[in-house]
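J.: Sequence:
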Amino acid sequence: MAAESLFSPHQQTWKRESLLRELSACREELASMRALLNDLPQIFEGKFETRLEPLMEQKQRLLEGNQDLREQLRQLQPAEAVSGQLMPAADPPLPPSHRRQAWGRSLRHAFGLDDRQRF
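Residue numbering for the sequence shown follows the working numbering, starting at 927 and increasing by one per position.
Note that these hints are calculated values from the structure, not bench results.
Note that CB positions come from ideal geometry on N, CA and C, so glycine has one too.
Some hints could be false.
Beta-carbon label-pair distances, calculated as ranges [to be verified]:
no., residue 1, residue 2, range
1, L962, R942, 27 to 37 Å
2, F974, H1035, 46 to 56 Å
3, R977, E997, 27 to 37 Å
4, P980, P1004, 36 to 46 Å
5, Q993, K973, 30 to 40 Å
6, W1029, L989, 26 to 36 Å
7, R977, A957, 26 to 36 Å
8, W1029, M982, 28 to 38 Å
9, E975, S944, 45 to 55 Å
10, E990, W1029, 32 to 42 Å
11, A1036, N992, 21 to 31 Å
12, S1032, P967, 29 to 39 Å
With the hints as constraints, model all of the structure from the sequences given.
T.: The following block contains the structure:
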C-alpha cells in the first residue's frame, strides 16, 4: 500500500503544506546561520583587538620604562666604560642536551616530582 492511500486528500494537502512550512523555516534558519558564520571572523577579531589593546599599551609603557632605565644607566656609567653596550653580555646558550636536562628538572620541580619519584 502506498503512503498516499493512507491519508485523505485533505490530510495529504495539510501534510504537504506542513512540510513546506518546515522546509521554509529550515531554509531561513540556515540563511541566518550562514550570515552568523560570515560575521564570526569580524566578531572574534573585534574581541581579540579589545583584549589585545591593554596589553599593547602595557607593552609600550614597559618599553618606554626600559628606555628610561637604559638612559639612566648610561648616564651613571663612567665615560670610558661605555663601549656601546649598556648591559654585560649574557652567558652563552646551553647546548641542547643541557637545555633538555634543565627543562626536565624544571618540569619535575613544577609538578612536585623529584629524582626519586620517577615513573
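J.: Between E975 and S944, is the Cβ distance one that fits in 45 to 55 Å?
T.: At roughly 47 Å between Cβ atoms, S944 and E975 fall inside 45 to 55 Å, so the hint holds.
J.: Given a hinted range of 36 to 46 Å, is it respected by the beta-carbon distance of P980 and P1004?
T.: 40 Å Cβ-Cβ, so the 36 to 46 Å window holds.
J.: That 29 to 39 Å hint for S1032 and P967 (C-beta), does it hold up?
T.: Since S1032 and P967 have Cβ atoms about 38 Å apart, the given range 29 to 39 Å holds.
J.: Could you see if the CB distance from L962 to R942 stays within 27 to 37 Å?
T.: With Cβ atoms ~31 Å apart, the hint holds.
J.: Just to be sure I understand the hint, the distance between the Cβ atoms of A1036 and N992 should be within 21 to 31 Å; is that true here?
T.: Taking Cβ atoms as reference, A1036 and N992 lie about 28 Å apart, which means the hint holds.
J.: With 28 to 38 Å as the target window, see if W1029 and M982 comply at their CB atoms.
T.: holds (30 Å)
J.: Honestly, do F974 and H1035 meet the 46 to 56 Å range at C-beta?
T.: violated (34 Å)
J.: Can the suggested window of 32 to 42 Å be confirmed for the beta-carbon pair E990 and W1029?
T.: About 33 Å separates the Cβ atoms of E990 and W1029, which means 32 to 42 Å holds.
J.: Within 30 to 40 Å or not, the Cβ separation of Q993 and K973?
T.: holds (31 Å)
J.: Check the following: the C-beta atoms of R977 and E997 are separated by a distance inside 27 to 37 Å.
T.: Given a distance of about 32 Å, which is inside 27 to 37 Å, the answer is holds.
J.: Determine whether the Cβ-Cβ distance between R977 and A957 falls within the hinted range of 26 to 36 Å.
T.: About 31 Å separates the Cβ atoms of R977 and A957, which means 26 to 36 Å holds.
J.: The hint says 26 to 36 Å between W1029 and L989; measuring C-beta to C-beta, is that right?
T.: holds (29 Å)
Checked against the numbered hints above, the structure breaks only hint 2 and satisfies the rest.
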